[in-house]
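Novice: Quick note, the sequences are listed as chains A and B, same order. In case it helps, my numbering puts the first sequence at residues 10 to 251. In case it helps, my numbering puts the second sequence at residues 13 to 598.
Everything labelled a hint here was simulated from the structure, so no lab data went into it. Please note: incorrect hints may appear among the correct ones.
What the hints assert, rightly or not - List of simulated lysine-lysine pairs, DSSO-like, C-alpha gap at most 30 Å:
| id | chain 1 | residue 1 | chain 2 | residue 2 |
| --- | --- | --- | --- | --- |
| 1 | A | LYS56 | B | LYS245 |
| 2 | A | LYS203 | B | LYS374 |
| 3 | B | LYS245 | A | LYS89 |
Said to hold, decoys possible - Which bits of chain B does chain A cover? Going by a derived footprint, with three or more residues having C-beta under 8 Å, they are:
| id | stretch |
| --- | --- |
| 4 | 13-26 |
| 5 | 352-358 |
Note that this is a predicted model, so its numbers are computed, not measured. Note that CB positions come from ideal geometry on N, CA and C, so glycine has one too.
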Amino acid sequence: MGKFGIFLKVSGDYALFSRPEMKVERVSYDVMTPSAARGILEAIYWKPQIRWTIDEIHVLNPIRFTNIRRNEIASKISVKGASGVNAAMKNPEIRPTLDVAGDRQQRASLLLKDVAYLIRAHIRVLDPRVEKGGAPSPENEAVGKHLDMFKRRARKGQAFHQPYFGCREFPVRFELIEDESDIPPPDVSLMGPKDLGFMLHDIEFDADRSTNRVRSTTPHFFRPVMTDGVIHVPELPFAIRP
Amino acid sequence: MILQALNELYDRLAGDAAYEIAPPGFSPQKISFRIVLEADGTLHDIQDARTPDERGRPQNTVMLVPGEAKPSGSGINPGLLWDNQTYLLGRQPEDKPAGFGEKRFEALRQRHLELEKTIEDPGFSAVCRFLEQWDPVRIAEYPRLNEVGTGFGIFGIRGEKRAVHESKKVQEWWRGTLEKGGEGDQEAEQCLVTGSMSSPARLHPKIKGVTGSQAAGASLVSFNAAAYESYGKTQSFNAPVSGEVAFQYGTALNSLLTGPQAKKHRLRIGDTTAVFWTEKRTLLEDLLADVFSGGSQAVEETQDATRRDQMRHLLEAVRSGGGYVEQGESETPFFILGLAPNAARVSIRFFHRSTTADLLEKLHEHHRCIEMVRQFTEPIGKRFADPAFPAIWQILRETARVADEIPPLLGGALTRAIVEGTSYPEGLFSAVIRRIHADRTINYLRSATLKAVLVRNHQIDIPVMLDPENTDPPYRLGRLFAVLEKTQEDALGPINAGIREKFYSSASATPASVFPRILRTYQHHLAKLNGGAKLNRERLIQDVLAGLDGRGFPNQLSLKNQGIFAIGYYHQRKDFFTKKEGNKGD
Numbered sequence: 010m011g012k013f014g015i016f017l018k019v020s021g022d023y024a025l026f027s028r029p030e031m032k033v034e035r036v037s038y039d040v041m042t043p044s045a046a047r048g049i050l051e052a053i054y055w056k057p058q059i060r061w062t063i064d065e066i067h068v069l070n071p072i073r074f075t076n077i078r079r080n081e082i083a084s085k086i087s088v089k090g091a092s093g094v095n096a097a098m099k100n101p102e103i104r105p106t107l108d109v110a111g112d113r114q115q116r117a118s119l120l121l122k123d124v125a126y127l128i129r130a131h132i133r134v135l136d137p138r139v140e141k142g143g144a145p146s147p148e149n150e151a152v153g154k155h156l157d158m159f160k161r162r163a164r165k166g167q168a169f170h171q172p173y174f175g176c177r178e179f180p181v182r183f184e185l186i187e188d189e190s191d192i193p194p195p196d197v198s199l200m201g202p203k204d205l206g207f208m209l210h211d212i213e214f215d216a217d218r219s220t221n222r223v224r225s226t227t228p229h230f231f232r233p234v235m236t237d238g239v240i241h242v243p244e245l246p247f248a249i250r251p
Numbered sequence: 013m014i015l016q017a018l019n020e021l022y023d024r025l026a027g028d029a030a031y032e033i034a035p036p037g038f039s040p041q042k043i044s045f046r047i048v049l050e051a052d053g054t055l056h057d058i059q060d061a062r063t064p065d066e067r068g069r070p071q072n073t074v075m076l077v078p079g080e081a082k083p084s085g086s087g088i089n090p091g092l093l094w095d096n097q098t099y100l101l102g103r104q105p106e107d108k109p110a111g112f113g114e115k116r117f118e119a120l121r122q123r124h125l126e127l128e129k130t131i132e133d134p135g136f137s138a139v140c141r142f143l144e145q146w147d148p149v150r151i152a153e154y155p156r157l158n159e160v161g162t163g164f165g166i167f168g169i170r171g172e173k174r175a176v177h178e179s180k181k182v183q184e185w186w187r188g189t190l191e192k193g194g195e196g197d198q199e200a201e202q203c204l205v206t207g208s209m210s211s212p213a214r215l216h217p218k219i220k221g222v223t224g225s226q227a228a229g230a231s232l233v234s235f236n237a238a239a240y241e242s243y244g245k246t247q248s249f250n251a252p253v254s255g256e257v258a259f260q261y262g263t264a265l266n267s268l269l270t271g272p273q274a275k276k277h278r279l280r281i282g283d284t285t286a287v288f289w290t291e292k293r294t295l296l297e298d299l300l301a302d303v304f305s306g307g308s309q310a311v312e313e314t315q316d317a318t319r320r321d322q323m324r325h326l327l328e329a330v331r332s333g334g335g336y337v338e339q340g341e342s343e344t345p346f347f348i349l350g351l352a353p354n355a356a357r358v359s360i361r362f363f364h365r366s367t368t369a370d371l372l373e374k375l376h377e378h379h380r381c382i383e384m385v386r387q388f389t390e391p392i393g394k395r396f397a398d399p400a401f402p403a404i405w406q407i408l409r410e411t412a413r414v415a416d417e418i419p420p421l422l423g424g425a426l427t428r429a430i431v432e433g434t435s436y437p438e439g440l441f442s443a444v445i446r447r448i449h450a451d452r453t454i455n456y457l458r459s460a461t462l463k464a465v466l467v468r469n470h471q472i473d474i475p476v477m478l479d480p481e482n483t484d485p486p487y488r489l490g491r492l493f494a495v496l497e498k499t500q501e502d503a504l505g506p507i508n509a510g511i512r513e514k515f516y517s518s519a520s521a522t523p524a525s526v527f528p529r530i531l532r533t534y535q536h537h538l539a540k541l542n543g544g545a546k547l548n549r550e551r552l553i554q555d556v557l558a559g560l561d562g563r564g565f566p567n568q569l570s571l572k573n574q575g576i577f578a579i580g581y582y583h584q585r586k587d588f589f590t591k592k593e594g595n596k597g598d
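Same shape as in the complex, but just chain B (with noise of 0.2 Å):
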């Protein structure tokens, strides 16, 4: 369904210029220095095709070039009509044995020169002339060569504007091979993504763009070693795609990973590059990656206001569910795919397909689950306020100490669990936990990310701020512990090591081993308060404490119930600083 479906939106990306989608047969290069001939052949010069970007530096241009980039490894594979210093002009590379320049310019020219009667393009001459006089040697003439680095080079005619490669003849000539079936005879066999009979590729174009990757691309359908090949069948042949149907699904992926639109289709997601579309242009595809990638905070961010407008429209349908998809929208194919690198292929982490009305759905049903009372509602000095609805990365972030750390599988099974409504993975859950642990913090982010395990996963109805009616023994705890807490900051002011400190993780895994001896520590505490408070805070420990019904502190607690415990800490403390109706808060 994955190269179906990308085969299919080869088509829609075709039709849009905004895309910049490459014809059959040409793919865009980096071309960075151009060779310009007389008409009889004769060398003009060697240019500088790069052309500054606005800071100053030189930019290689994008041109369509016939033919795709070359595959790597030691092969002799010269281009037509553009290609590398050592094709073009014999370059000897430092680090290659003698001769290998000189192999390489030989066999274009060979190539150059055996077309030369069947194109019969007056450009394409000059070039040949050019390639029969021209000397290695000469290239020391030309220093502009040593600076404009690694990009290719294509060739000119003095006084006109197109490149050889551009010219009509060529262009016409080039096409016609392609309808030929390319310069392959392979036996027409059975595509698998068409089921149409085709002569299939031999190998399928490399997928630039996914993080971590490497930077020439990597393949997304290869067999590069022994173990891969079945049936005696070799290379691309194992999986028979047709060389069109490889040729549009590669160009298609290109372009949301790297094409001039990837801004809206790629996302990040941990160590997984995420790209999504919809079968048609759609608003929602527009704004998703916004969405996805700054959650609410996305909205501050912006600096369109038609666009903010339409991004906060979008946010408040996802929370209160419905009611944002325009007309004839709702059921468009959506599809979200999730890569990752691995060594020099790209693996499929997750793949999913649903439409526009289905994905709004289970957005909401996700905030849903998610939702939390904020700690920080207004941004303060430089940290931003809380999110209403976080992004994936920062629920991600929340799970490890660096972002390194992340446990590689969990993105793209929480962006799954999103995606398809189903259960969040457990890890999520563990790893929060344990960063609680590690650092005794428990935030906005982490006890929303601990509801919301809870919620989906076990069904446990856990509300969006602090209910002083429930009586679950560890959510009471979690707020006795909270009690406690504020009791002793009250009591000494800011201290380095309070309760939280000491005794968090153990009085949430063992509470009968810690609550007796910090409620003891807690009247010495309570004693410094003065009239008022000391009686409101004595009524609220015996309210807490009087939900325990007397069972005493279980001896432990398990890691949902801690996760309940981290709730319900959160929750009161959160209430401490929150200014209560018609009264001064604390």
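Bound-form chain A, shown alone (with noise of 0.2 Å):
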């Protein structure tokens, strides 16, 4: 990874990284995911010309659970039909409504508090030249931009949108970490091997080319292993196209 890569210390009072089992009545895994990662990085950075891929997450704070209970809805807005949100697009007079009061579900969550990690993370350029057979630009001058700019955004504070924990209520502080050795160490209460079990990798997403419709979504687990508060996340089983 070396120069093209980044640390980045993201903390927060709550998270909620769903597991897929628990979603509905929500239980979080018990750290970050990498697609978790991911998402904040593309929050504070992200063009359609470069991926993210998160190498390792360091854990920094002891693993505390909380419960709360939220009021939700039990449905979605159609997206077809008369009322549905492709005819209201269309037509600014129709309203897509839903019936909160009517729809409402209390779900319980079992989610993460007082978290801090960090992600060490470099950026992948699809580059669309080789894909057409031409030559790649060097690395340096094609990655280095990016990265110049993720790290003139992160140093000021900058993001596209609110970086966030699993949820969006639950907001993320961060802060780059442009020397080595500031690195903060994990606590105490995370040293030794821990198995956290098979933990979400990321989506693979199959789209048609043509009409970017998306054909199918497969998600991939990979099993990760704590050794003293740091997971090495492995490379994506799938390929990422531009």
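Taking the hints as your guide, dock the two standalone chains into a single complex.
Specialist: Here is the structure:
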């Protein structure tokens, strides 16, 4: 990774990285998932031609859970149909509505509190010239400018949208770590190896390239082992196309 | 981790006959009637399959039958060689539209006739002949069917002991279809529990026995409304879990909740139903349910002498710390899972994994925090003695007027704090203070709970019993209040509304506005005492007041200090009723 990577320290009061099997009555994973880390970085800086690759997640605070309940709704506004989202986008007269009071559902969550992580990641540039058989641009030229843009934005606290820990309700405080000697050590309770079970790695989208229509979405899971608070994230098991 | 731990537990339970675990593809169902056929398929009789229990009431027989219980809903889903009267005999339920029973009976008949050739079992063929000739009108000829209730029925052949679904051929065929991946033809996906590629389950087993949830069971994994679905996936394909794992975790969890060994694993804490287990069988696992649910009272209630000794031994280890866990048991993984119902779903309140040694260490720390001199060390009449190690529900009980009003999240939070050794919920503290203000009762459990929160969350050092050297103003004020109350009692005898009933709340919250007033009335009470008692009391008051260093009474006490006030009061009050060394107590 070396000079093309970044270290970002992220922390917050609460976090909820829902396990897919328990995302109705939500239960969080013990630690941040790589896809959640990617989401945070993308909130700060992203362009269509780059992809973030998460290399490591350092867990800095002890793993602590708490419960909350929230009122939510059980249905989605339909996309199709006369009063759906598609129709409303064409005709401003149409207002898609949902009866919040009649459709209310109380859902419980088991979430993490007082979290802090260090994300180590690097940028990959998707070079369409390579795809078309041309010569690739020099790596530092292509990656360097994106990396600098990210760093400038992160230093100033800029973001496209507020980065969050799993749910929009749980905002992220972030801080760019520029010197590797400033990397904070993990909490003592995290020392030693810890098996975290299978965890969501990322979701593979298979889209029709001519129509951009998503054909299938496949979740991929990996088995992280946390050693002294550090999780090495393997390469994604599928190819990313621009 | 939850499903993974339960999935691994399945293997342990399946290997232990005491748990009566159903093999894959089979489920235990309540059977209430038996259709007995002749070998050629003509009906011999319909018998009651229930047996009377010790009180003589008929109880359904639990039998292993092929397949799971059917999902609720209006779909037509006939069982194999077992089902209810509507499916097996075409009984028309009164509240259903015409043809309801007929359609279901027809579906069951179709299913069986189609399978007759592939199974090739004489018993199965007899059932087919019966289904061909049965007319639902004949139900009326068997009044017994009205009595047996809603249980399920099975088929038997006259003169054969085994039911038709228990015959070797049927069983072999059924297992064979399971290996082929059942009737589903879902594409293989990565299972999120094992990581291997397999066909995911569309529906997950229902979890029964969570207090407050539906009797038919509720789902741990379910996607029962559109808002819960993502990425265009439906039902449980939102969370790919292989059918085998879904069966195994469901069976293991149901066995802990409702199986024959449930008593050892299941625990109710407020509105939460908790189950716990160790990776292999341990003595600790056997005793823990009693200790959690009964505290130290459990020892007195246990009849069996060996077991009582084991429990006493365990509680002693909890009190003194360490030294209980047998050789090789100390590193056995320990799991506790808290479940609460939420509509048709089960939600997780807490899940904790540690080792048996760690658990005992955490229980010891909890005991150290909550330890308090007891008000009643012996049972008086119907009243139990105060438990040296209170059960979780006993602590929770002190936070509300009636048990139904206990804050729902408190039980889980408290249990989590105990087993993880983290801060107690602050809500526990304020709830206890609120109860004290409301009914002006400061008992053992309340002061012990307040102490536990102060010791662990606020690092305030509070001793187990009266500390005459403690000069912390709230503590002193609590003591002073107890002395003043005692003086009134000694002077006037029992009265309806003493100074505690009248002044406790304001004295503990705003001392400056109350204490000067009650100190004046104290003079009148003191005047009524005689000789030595008067002198002693006067000296005690001086002692307590001296600790206040003439700083006067504080205007207000924070919630935290009100807790210390209550403990000071309790300590002093308890001290009055404790016999002094070499001196007759008062």
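Novice: Work down the list of hints and note, for each, if the structure agrees.
Specialist: The hints, checked one at a time:
With a C-alpha separation of about 28 Å, the suggested pairing of LYS56 (chain A) with LYS245 (chain B) holds against the 30 Å cut-off. Taken as a hint, the LYS203 (chain A) and LYS374 (chain B) pair is honoured in the structure, with Cα atoms around 20 Å apart against an allowance of 30 Å. Under the criterion of a C-alpha separation no larger than 30 Å, the hint pairing LYS245 (chain B) with LYS89 (chain A) is consistent with the structure, at around 17 Å. For the stretch 13-26 of chain B, the stated coverage by chain A is satisfied: 4 residues place a CB nearer than 8 Å to a CB of that chain, which reaches the threshold of 3.
Here's how the stretch 352-358 of chain B fares: 5 of its residues keep a CB closer than 8 Å to some CB of chain A, so the rule of at least three is met and the hint holds.
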